[in-house]
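Please take these sequences and the hints and turn them into a complete structure.
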Amino acid sequence: MDNIKLGEFIKSLGSDLDIKEGKQFTEVTVPPSELHSLARQLREREETLFDFLVSITGVDYGPDLGLIYHLRSTKYGHTVVIKSRTSDREHPQLDSVSDIWEAADLHEREAFDLLGIKFANHPDLRRLFLNSSWGFPLRKDYIDDDIITW
Amino acid sequence: MKYEEFGDNESLELLKDSGTNVFLTTIDDVINWGRKNSLWPLTFATSCCGIEMMQTGAPKHDFARFGMEVYRASPRQADVIVVAGTIVKKMAPVLKRLYDQMSEPKYVVAMGACTITGGPFFRDSYTIVRGVDQIIPVDVYVPGCPPRPQALLYGMLQLQRLIETQTIKSRKKRNASHNYK
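Protein chains in written order, with my numbering: chain S, 158 to 307; chain F, -19 to 161.
Derived by calculation from the structure, the hints in this document are not laboratory data.
Keep in mind that a hint or two might mislead.
Said to hold, decoys possible - Each computed DSSO-like pair below joins lysine-lysine, with the alpha-carbon atoms no more than 30 Å apart:
hint, chain 1, residue 1, chain 2, residue 2
1, F, 70, S, 275
2, S, 275, F, 69
3, S, 240, S, 162
4, S, 232, S, 297
5, F, 86, F, 69
6, S, 275, S, 297
7, S, 297, F, 69
8, S, 168, S, 232
9, S, 168, S, 180
10, S, 297, F, 86
11, F, 86, F, 76
12, S, 297, S, 177
This is how it looks when you write it as structure tokens:
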């Protein structure tokens, strides 16, 4: 499927999806509550069959924290970008997709480690690189006296 | 490198730790001769400087010529630790432990910009240790990013000259003054 057709098809999968044509890929913005069911459908529907999770990127947009998923189908060769964001900075929580793609396990741990985004139903949500006394260094409001800036 | 080719041998001679004590100087000369000609480095490299260090040990540059004979895999058998590469906060305790496990006399060469000041990671980094001299006492700094093998060789030769000036007595004093936590 090309990007336009893909966008139209994905629109039919959920009720509250915002589809936009990006420079390279179709970008789908999905509310956190629908993220898991959409991911499940994209993985299992014969028309899309996104069996490869390329990456999960955590973003600090300002007040919002968000995630960007790049999905690819090894059978059809098409790619889609899924975005989801939450405005809760204190307890940002999204559903884990590690039960759908095994690769999400470590990606989500990394996002948790550096941005503090929690994942519901993640099998093993521990910090990945940093120890527990560290804050979440990739947040824009992260304060560390050791950082030197000019 | 020939002894005469170093620029400031006279001042180095004056700075000998044992001063003018004839008896001690003679013993020191013998011991230092042995120490400086069998400097065994520890196999320790954390990033790209390590590649350059391997090249220095490889046949083309071959620092076995100067007595840095073999890389030791165990800190117990090593005399010098060449800190080759970025040390991050998480790596710092490991480096400190390796240094503590080395037996006396032990020397440290800080190789590359990262180990001297933090280098390219100095600004805006939440992970970097800005200079390994905050953790362990450094004898020789080799600047560069990464330094060429010639630079590391020169640094190691400078370390040999440093060893020549030391005395068995001052080693204890030096260690006492470096009480790092």
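Results of checking the hints against the structure:
no.	hint	result
1	F:70 to S:275	holds, 23 Å
2	S:275 to F:69	holds, 25 Å
3	S:240 to S:162	holds, 19 Å
4	S:232 to S:297	violated, 39 Å
5	F:86 to F:69	holds, 23 Å
6	S:275 to S:297	holds, 17 Å
7	S:297 to F:69	holds, 21 Å
8	S:168 to S:232	holds, 21 Å
9	S:168 to S:180	holds, 19 Å
10	S:297 to F:86	violated, 43 Å
11	F:86 to F:76	holds, 13 Å
12	S:297 to S:177	holds, 27 Å
Violated hints for the displayed structure, listed by number in ascending order: 4 and 10.
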